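*Asks:* The primary structure of each chain is shown beneath.
2 protein chains.
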Amino acid sequence: MSLTRWLPAAGWLRGYGREDAAADGMAALIVTIMLIPQSLAYALLAGVPPQVGLYASILPLVAYALFGSSRTLAVGPVAVVSLMTAAAAGQVAGGDADLYLAATVMLALVSGVMLVAMGLLRLGWVANLLSHSVISGFITASGILIAASQFKHLLGIPLHGDTLWELAASAAGHLDAFNPATALVGAAAVLFLLWARGPLKRLLARTPLPAWLAELLAKAGPVAAVIGTTLAAGPGGLAERGVAIVGQVPGGLPSPTLPAFDAGLLGQLWLPALLISLIGFVESVSVAQTLAAKRRQRIDSNAELIGLGAANLASGVSGGIPVTGGFSRSVVNFDAGARTPLAGVFTAGGIALTALFFTPWFHYLPKATLAATIIVAVLTLVDPGAFVRAWRYSKADFAAMLITLIGVLAAGVEAGVIAGVAAALGLHLWRTSQPHMAELGQMPGTEHFRNVRRHRVVTSPRVLSMRVDESLYFANARRTEDAIYDAAINRAGRRHVVLLCSAINHIDASALDSLETLNRRLADAGVTLHLSEVKGPVMDQLQRSDFLERLTGQVFLSHYQALETLDPETTRRASCKLKVTS
Amino acid sequence: MSLTRWLPAAGWLRGYGREDAAADGMAALIVTIMLIPQSLAYALLAGVPPQVGLYASILPLVAYALFGSSRTLAVGPVAVVSLMTAAAAGQVAGGDADLYLAATVMLALVSGVMLVAMGLLRLGWVANLLSHSVISGFITASGILIAASQFKHLLGIPLHGDTLWELAASAAGHLDAFNPATALVGAAAVLFLLWARGPLKRLLARTPLPAWLAELLAKAGPVAAVIGTTLAAGPGGLAERGVAIVGQVPGGLPSPTLPAFDAGLLGQLWLPALLISLIGFVESVSVAQTLAAKRRQRIDSNAELIGLGAANLASGVSGGIPVTGGFSRSVVNFDAGARTPLAGVFTAGGIALTALFFTPWFHYLPKATLAATIIVAVLTLVDPGAFVRAWRYSKADFAAMLITLIGVLAAGVEAGVIAGVAAALGLHLWRTSQPHMAELGQMPGTEHFRNVRRHRVVTSPRVLSMRVDESLYFANARRTEDAIYDAAINRAGRRHVVLLCSAINHIDASALDSLETLNRRLADAGVTLHLSEVKGPVMDQLQRSDFLERLTGQVFLSHYQALETLDPETTRRASCKLKVTS
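If you're matching them up, the sequences are chains A and B in order. Each residue of the first sequence is one higher than the one before, counting from 5 in this note's numbering. Each residue of the second sequence is one higher than the one before, counting from 5 in this note's numbering.
Bound-form chain A, shown alone (with noise of 0.2 Å):
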């Protein structure tokens, strides 16, 4: 038991059968196909030569299954984290290429540490701090990102900067170094893989082949470019048209090393590390826990902690870049039919073997088609309808999303993320301060007590009914309490005023403060304060404080009995209108 906690591979080890090494091969194989030219592009996107693209994708997949918790999670470089990467290496080196290297090493140890610790610490509600809306408007800026700095290797065109602006005023300035030839290559490689995924995919939902297999002859697009294109660069002659290729990459495994620790360097890393580590995980975990529940699954998210964070250690000590769980990659693994994590450990195997036979045949592949490959990759992550419905459903969520967005497109991933996540947690401290309000009335014939501005209801002319639909703390108990004492005294003939506290969740030292100022107030002014449906956990609080014995009125079970106590006519007459009029 407890060794299955700590590492879940023990688990699903146990009987492990030839069904299950042949559903995980074949779906290894399928993913190392359509891993290749992922961890390529996502080298490139990162800053970092390909094979540190492909040292990415070896040790952190072994990794990931013997500590992670999903069965069918696919681990590797994928986009937004390599954009991250890039923005924060970018930072600290300057122009300095090995200065480069050593921070995107030194942020993979660093979330993987951070990972890790999470883990342990059981710290992963610590990520649910990043608002979906955060998180959606971060995903569509950093597309849009991604999609822009790509038009570098599309164009030939050589652009730098974190931000949008920053992109375009570099761009401005080298138009001249456009290139006809690239851009050729790249236009046909961006139309080839939509057509891929839009109207052969549909082509091949039509056949009767097998769904999987139709998927992943969809999925093979870039694969496909790779192949057409190098051979057009390269025996095409492309190539000497200034089509800009990967060239020599450098075969062989990673060799595990740990790169000398450097103090500087962490301090400027520890927060871009963070971001990358808490994004990477919501990313990774969402993904995990929809294919989870497909096989009626669990994902343990300290679990997945752990084995993400082992993925992102594994990826530093080989050389790599961040990693995290892919979302296309993972569902194909999943549908090509994966059982257990073993078809990582394949993958992996594929990987080693490209690394090590394969990398003269990338020479000659455009930079064009990769970055092509990730232009379509990112297209489905910009989504304009994730605000539409925020804006239709919470205009708070909306500001959120809106805030993140600008701030990354304007200032960057970092700034964007943290100006997000501290709207959001403005937002609802604003939201939850102004708590709603309503003056309760006796639906007729009934023992409910509804709002007296949505229903037909019968109200007390002695006793004001209440309902705060909010709990009490620090940020509302004053507003709370004013109110409340303005409703009860501003009609005369007011006795009693009976707070339903159904809504209320929690009480703080301040809202009982002002609660006990409420009563104080009440009785000052001639008027009894009640309380009913009080819950069981705030019921034991109160007890533990004076409040009760100082409250001038009751605590009713129920808002019903309460009104039958201190008003038994009107609230008798109200019961029977029902009988009266059927």
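No wet-lab data here; the hints were simulated from the structure. Be aware that a few hints might be false.
[Claimed, not checked] Below are the DMTMM-like pairs computed for lysine to aspartate or glutamate, each with C-alpha atoms no more than 20 Å apart in a straight line:
#	chain 1	residue 1	chain 2	residue 2
1	A	Lys298	A	Glu219
2	B	Lys298	A	Glu219
3	B	Lys399	A	Asp550
[What the hints assert, rightly or not] Going by beta-carbon spacing under 7 Å, a handful of chain A positions derived as facing chain B:
#	residue
4	Asn132
5	His136
6	Arg396
7	Tyr397
8	Asp401
9	Ala479
10	Arg482
11	Asp512
12	Arg525
13	Asp528
14	Ala529
15	Ser549
Nothing here was measured: the structure is a model prediction, and the numbers come from that model. Glycine is no exception: its CB is placed at the ideal position from the N, C-alpha and C atoms.
The hints should help you fit chain B onto chain A, whose structure is shown.
*Replies:* Positioned in the frame of chain A, the structure of chain B alone reads:
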């Protein structure tokens, strides 16, 4: 109407009669006698010349009388605000006395502008971000700091520092400066004042004197101490024995002037000014509300902001220090029968006469006496009981209180308050991020559903009833989703989950996503999700999304209705129980 809104004085001045004048005049006389030593003492505490304390008790009272909404609040220099003033001015001035005075005036003006602006923008609620725990931790810490700082005058030892440690260190360095005569005067004054507010007060209470007069005579202790020790220092010749005296106090009224605007100074002082404004406002408004309630009068917190802002602007232009409503003097004013703010105007007149004609009388007043009055006054601020109550009532509030206390004592007033506010917000978010959840069962013989852990209830084998005691938002969305999912699938035979939403006051976009995921995950697991007792505002919001179409189950008006529909047998049996047993 609109005139009295902006100028409350216009309201009560109408129909102001002779008895009003008599009552206000009497109260003013008493408050004046009380305010003179306080003004001198808090000037000493704030580190400014004594006459500045008098200036801060003239125009500000008139300004508040015009714009404030409380009939009986008495404004002027108070201990806590004077401490904050000294800390902030000391920071910027170093040793420069002129710069120090300029800083205190700037603090008064800036917090005046801030308060008026907050009042006009109706931002009174911002003050609610200071939770009562933070304030009470801050007040206790201030009391300790103030008392500690006054040993300087009480023992004749020069002390410097804004934290307890700094004060202790500087005391250790100057023990040789100890002056026996000064210590004698100080000790005598402290003992006398303690006797006056303790035994003497009880003694007077037993006499046939009217309560307010007895109260007044007890409150006159400081005046007696001033007179006694002044005679001892002057005619008694203690001044020659090295007892520090107030010395030459320039007579006359303040000449209203606006200091030259200094952006640099403003940059250093805006934060302390903001804290002074907020804390002064919170203290003042709670006193005003307590007193107003006794006469069924209302306090408009935005009018209070403008009133206090005007008072601080008036203090600034007359070369004074930041002011706010004082607790003890307001109570005396109220008990002595003040009816309208004109009592404040009369008091201002009294202080003005003092500043014009009586300042020579203060020449031989020992600083030790003023220090003694300060120490005895602030001892009432130190409230260990608050910590005990907080510990018993809520550990989170206790933590915020303790963090503020330690922060203020160890790092100064600003750092302490900011740390406390941050802690309070963080703890609130942390608590709402892990909501209380309960599996529910039907109370036999009723239509009520309660926590299975707290009550003997009937549960359905096919339907899981869950209640979440928190609004659903990004910080708790995923946790709630997982908890409900786990509870739903952890027992075979479960076909339905009904989520009782009576305690859910908001559902933000993240929580909506989680509900949709939960709905999908449960569907994949063959379980249907239903909602019951969804609040009006929440339902409105849900209807603006497409969640309700996607929901596999239904939305029931009452939880009973849900169970009656989904598992009639169990529900009917449970409802009948009573009839069977009775």
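*Asks:* Quick one, are Lys298/A and Glu219/A close enough, alpha carbons at most 20 Å?
*Replies:* holds, 18 Å
*Asks:* Have a go at the His136/A hint: is there a Cβ in chain B nearer than 7 Å to its own Cβ?
*Replies:* holds, 4 Å
*Asks:* With a cut-off of 7 Å on the beta carbons, see whether Tyr397/A makes it to chain B.
*Replies:* holds, 5 Å
*Asks:* Interface hint check: Asn132/A, Cβ to nearest Cβ on chain B, cutoff 7 Å. Holds or violated?
*Replies:* Check passed: Cβ of Asn132/A comes within 5 Å of chain B, closer than 7 Å.
*Asks:* Does the closest beta carbon of chain B sit nearer than 7 Å to the beta carbon of Asp512/A?
*Replies:* Check passed: Cβ of Asp512/A comes within 6 Å of chain B, closer than 7 Å.
*Asks:* Mind checking the CB of Ala529/A against every CB in chain B and telling me if the closest is under 7 Å?
*Replies:* holds, 5 Å
*Asks:* Min Cβ distance, Asp401/A to chain B: is it shorter than 7 Å?
*Replies:* Nearest chain B Cβ about 4 Å off; hint holds.
*Asks:* Quick one, is the Ser549/A hint okay against chain B at 7 Å, beta carbons?
*Replies:* Hint holds; Ser549/A Cβ to chain B Cβ min 5 Å, cut 7 Å.
*Asks:* Using the nearest Cβ pair, does Ala479/A come within less than 7 Å of chain B?
*Replies:* Holds - the Cβ of Ala479/A comes within 7 Å of chain B, reaching about 5 Å at its closest.
*Asks:* For the hint on Asp528/A, does the least C-beta distance to chain B fall short of 7 Å?
*Replies:* With a closest approach of 5 Å, the Asp528/A hint holds.
*Asks:* Could you check if Arg482/A really has its C-beta closer than 7 Å to a C-beta on chain B?
*Replies:* Check passed: Cβ of Arg482/A comes within 5 Å of chain B, closer than 7 Å.
*Asks:* Holds or violated: Lys298/B with Glu219/A, Cα cutoff 20 Å?
*Replies:* Violated. Lys298/B to Glu219/A sits at ~77 Å, over the 20 Å cutoff.
In the structure shown, a violation is registered for the earlier hint numbered 2 alone.
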